[in-house]
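Visitor: The listed protein sequences derive, respectively, from chains A and B.
Residue numbering for the first sequence follows full-length UniProt numbering, beginning at 1 and increasing consecutively.
Residue numbering for the second sequence follows full-length UniProt numbering, beginning at 1 and increasing consecutively.
Treat each hint with caution, since some may be false.
The list treats identical chains as interchangeable, and a pair is accepted whether it falls inside one copy or across any two copies.
What the hints assert, rightly or not - Simulated crosslink set (BS3-like; lysine-lysine; CA at most 27 Å straight-line):
{"hint": "1", "residue 1": "K152", "residue 2": "K70"}
{"hint": "2", "residue 1": "K56", "residue 2": "K26"}
{"hint": "3", "residue 1": "K152", "residue 2": "K196"}
{"hint": "4", "residue 1": "K26", "residue 2": "K196"}
{"hint": "5", "residue 1": "K26", "residue 2": "K121"}
{"hint": "6", "residue 1": "K92", "residue 2": "K121"}
{"hint": "7", "residue 1": "K209", "residue 2": "K38"}
{"hint": "8", "residue 1": "K217", "residue 2": "K152"}
{"hint": "9", "residue 1": "K17", "residue 2": "K121"}
{"hint": "10", "residue 1": "K196", "residue 2": "K209"}
{"hint": "11", "residue 1": "K152", "residue 2": "K38"}
The set of hints was computed from the structure by calculation and includes no laboratory data.
Values in this document were obtained by computation on a predicted structure and should not be read as measured data.
Protein chains: 2
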Amino acid sequence: MEPLDLRFLEETFPFWKGLTLREQQKLLSQTRCYVYPKGSRIHSGLERCTGVLAVKRGQLRAYLMSDEGKEITLYRLLDGDVCFLSASCILKNISFDIYVDTEEETELYLIQASAYDALGKSNLAVQTFLQETISARFSDVMWVVEQIVFMKFDRRLAIFLLEQAALEGNDAVTLTHEQIAHHMGSAREVVSRMLKYFQNEGLVEVSRKGIRLLDRKALNALARE
Amino acid sequence: MEPLDLRFLEETFPFWKGLTLREQQKLLSQTRCYVYPKGSRIHSGLERCTGVLAVKRGQLRAYLMSDEGKEITLYRLLDGDVCFLSASCILKNISFDIYVDTEEETELYLIQASAYDALGKSNLAVQTFLQETISARFSDVMWVVEQIVFMKFDRRLAIFLLEQAALEGNDAVTLTHEQIAHHMGSAREVVSRMLKYFQNEGLVEVSRKGIRLLDRKALNALARE
Chain A
1 MEPLDLRFLE
11 ETFPFWKGLT
21 LREQQKLLSQ
31 TRCYVYPKGS
41 RIHSGLERCT
51 GVLAVKRGQL
61 RAYLMSDEGK
71 EITLYRLLDG
81 DVCFLSASCI
91 LKNISFDIYV
101 DTEEETELYL
111 IQASAYDALG
121 KSNLAVQTFL
131 QETISARFSD
141 VMWVVEQIVF
151 MKFDRRLAIF
161 LLEQAALEGN
171 DAVTLTHEQI
181 AHHMGSAREV
191 VSRMLKYFQN
201 EGLVEVSRKG
211 IRLLDRKALN
221 ALARE
Chain B
1 MEPLDLRFLE
11 ETFPFWKGLT
21 LREQQKLLSQ
31 TRCYVYPKGS
41 RIHSGLERCT
51 GVLAVKRGQL
61 RAYLMSDEGK
71 EITLYRLLDG
81 DVCFLSASCI
91 LKNISFDIYV
101 DTEEETELYL
111 IQASAYDALG
121 KSNLAVQTFL
131 QETISARFSD
141 VMWVVEQIVF
151 MKFDRRLAIF
161 LLEQAALEGN
171 DAVTLTHEQI
181 AHHMGSAREV
191 VSRMLKYFQN
201 EGLVEVSRKG
211 IRLLDRKALN
221 ALARE
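With these hints in hand, go ahead and build the complete structure from the sequences.
Guide: Right, dumping it as C-alpha cells:
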C-alpha cells in the first residue's frame, strides 16, 4: 500500500475541497492506494463492491465478457479517470457486470463503496459527480454501440488502430490479433482477414511484433468515411 | 394541452413531496402535458433540449439513427417511465443524440430542462433521481450491447419477438420486417431470412398481417440458450 496523495484527491474529486474536515478524514480512512502490475484483474463481474476507482497513473480497460469468453472493450481509464461501475453495489439501477484489468502498471486509489455512498446521500456535490461520471461512461458505451451497429468492420478497425496507436504513443500497435478481436467484440479470424487486406492496400505492416501504421492519411480517411 | 395531474407527478418523481410549495409551483409552471398520436417524433437528435419526459400512458421508443438511416432501439418508455436523454442540454457528459417516437397514442409530461436543472443544483433528491434514472437507461443499453456482441441472430430475434409480443399483449407481432430490422439494428433481408427459417421450424407463422408466435416453448428455449 502506498501513502495517499491529497493533491491527487483534490484534483480528481471536484467536491473534495467542499467537504468538511471530518468528512475528508472519514473518506481518507476508507481509501487505499495500490500499485498493480500490467495485466492484473482489478474488478470482475462476480464482485459488485470492489470500490470507487480513481487512476493516479497507468491504464485500465473496462470490458464485458460473455459466458463463452467473448469480450468487448467498453472504455479505457487513464490518469485522473474515475470509475463507479466497480462499485455497482451502491448504484441502484446498474444491473450489468463489467471486468476491469490493468493494461500498464497502474497506481490507483480505491474508495470503499459504502463510504462514498454514505457521503453521496448527504452531499449534493458528491451525488452530482457520481451522475456526471456515470453519464461520461454511458457516452463512452454509446460510441461503442454506434460503431458496432452503424459502421463496417474496415472503418471500425481503422478507428481502433488509430486510437490504440495514440494510446501507445507511436505508430505501432503491439497487440495480437486475438487481443484486437477482444477489444472489438469480434473474432480473431475476422481481424486477421481485415489486417491482411489493410496490408495489401499499404495501410499497415503486419509482423510478429504487432502492427505498424504505414499510411495514417488513408487510415484517417477510412475512419472518417 | 391537458390539465396537470398532481398525483401522477407525486408518484413518478419520488422527490416531489420533499419539495417546498414554492419549488413545486415553479416546476409546475414549467411543465406541460400533451397527447401525441401514434408515430409522432417527440425528440430528435438535432434538438438537445426537448425537456424531461415522463410518460403518463402510452409507449415510446428511444433509438439511434445513423446518417444512412440505419436504426437501433435502445429502450422503450412505458407508463410511469422518465427520460432525461431528451434533455441532454443539462447533462454535462452526455455526448450522444437519440430519437424518441411514440409507438402508441401517448400522454406525456414535459418539464423544461432548465427548470429541472435549477432544482437539481440545489436539491439532493432531485439530483439522485437524475442519477438513478440515467443508470437505468445505461443498463437498458448494456443489455442491447450484450445481445449484439454476444448472441447469434436467431437468439436475438427470439428474444425480440417474445418481448414485442409481451408489449403487444398477445401472440402477434404486428411489425413489418423492416421495422423489426430497425429495432434490432439489422437489415431487412437478414430479418426476413431468419423469420423464414423460424417458420420452416414451426416457431412462427409469417403473414401480411405480421408474425404469429406458434411455439413459445421453443422460442423461450432459443432465447435462453
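Visitor: Could you tell me which of the hints above the structure violates, numbers in ascending order?
Guide: The structure conflicts with hints 4 and 11, although it agrees with all the remaining ones.
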